[in-house]
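K.L.:
Protein chains in written order, with our numbering: chain A, 161 to 350; chain B, 7 to 166.
Derived from the structure by calculation, the hints contain no laboratory data.
Some hints here could point you the wrong way.
[As the list claims (entries may be wrong)] As a list, the in silico PhoX-like pairs of lysine-lysine whose alpha-carbon atoms are at most 20 angstroms apart:
no., chain 1, residue 1, chain 2, residue 2
1, B, Lys82, A, Lys286
2, A, Lys295, A, Lys305
3, B, Lys147, A, Lys259
4, B, Lys82, B, Lys143
5, B, Lys48, A, Lys259
6, B, Lys15, B, Lys56
7, B, Lys82, B, Lys147
Computed from a prediction, not measured in an experiment: that's the story for all the values here.
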Amino acid sequence: MVSWSGLGRSFGINLLKNHTKTLNSVQNVTFTTSKTLLDAHGHKTFVIQPSRWQWHKFKDMFHFYAMLGLIPVGAIIFYSNVFIGPATLTPIPEGYEPKHWEYYRHPITRFIARYLHQSPQQDYEKFMHFLDEEKQKQKLRQLEKQIVKKMGERQDYQAYYYKPMINKYLRINKKTGEEMMDRIGDDYKD
Amino acid sequence: MTKDEKCDKDPNVFRAFMSALYNTIDAPVTAFREKVVVPNQKQYPWYHQKFRRVPTIDQCYEDDVVCDFEANSQFKRDRAVDSEILGILRSRYEDCMLYENPDHAKKCKPLWDVYKESEEAWFIKYGDLGAYADARKAYMKQKHRMVWEKRHGPLSDLTR
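Work out the full structure, taking the sequences as your base and the hints as a guide.
P.N.:
Have a look at this one:
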């Protein structure tokens, strides 16, 4: 970016080579790398003056964005307005269903509607599907809540309020007891 | 300047000068339009979208959210269209008023009456519902109005 305008600068200066001498000696800066800065016969002065940095920066950026943005976008806009032009409003022919971008007048709007945006009808139907699914989930949750409540009230069903026992440790315990019983009998006293 | 314009030159010098001045801008623009733009442009149609009518909110089951949504979307479309119609009627009156001033009160009376009547009809359906109005609220409003009218008589000539 910076180097472009640097090229521009030396190009412009080289075109106006005759004028550079006075300009540069006054401003005491050079915009070219091909010439010596010092004027052998003049006074060697260093004139203090305000910075031109922001001005050069502005030119750089203006150049950059004009090249990158304004020119291509402007060319596209110019082309589509001049060589394509707006559509003409027509009644819908019998038995024909227009595509969703055919409801727009300008070619750029049509392009955006066709290639960048979703079909509005598709979105509409997708949203209705989403609503339907959510409603069904809601109904199921409501039903589940009712069932759980009834089971809690009646206590007659082996789910939610019934916890199955694990008998493994009970059997081990029982076996240990039986072994002790076998070893020391039931008339044991401390 | 084009050929036929030279033939019938304006005898009035001032007017000729002004039209020449005008043509410095207008002639190239018109020439570009006629020579480049019009022959190169494509002809293709665009359409006004037409929506199929769906069941209204009073025909929906209470737990049918899809029907509710569709009726509501239709209600919002209808409201947009009705508001647009009202805007056109209003701008007709306003144009007439600007043109006929100071006789607008007499000359634009028919347009004003039409606008006022349409505004009333619009307000009977959509008024006082707020920005978040939906089909259900409008339906309830209609119901309440009908109940009130049954007891106290009609509120407007339009609901008679």
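K.L.:
Would you mind marking each hint as holding or not holding in the structure?
P.N.:
Evaluation of the provided hints:
1. B:Lys82 / A:Lys286: 19 angstroms, holds
2. A:Lys295 / A:Lys305: 15 angstroms, holds
3. B:Lys147 / A:Lys259: Cα-Cα ~37 angstroms, so violated.
4. B:Lys82 / B:Lys143: 12 angstroms, holds
5. B:Lys48 / A:Lys259: 19 angstroms, holds
6. B:Lys15 / B:Lys56: 52 angstroms, violated
7. B:Lys82 / B:Lys147: 16 angstroms, holds
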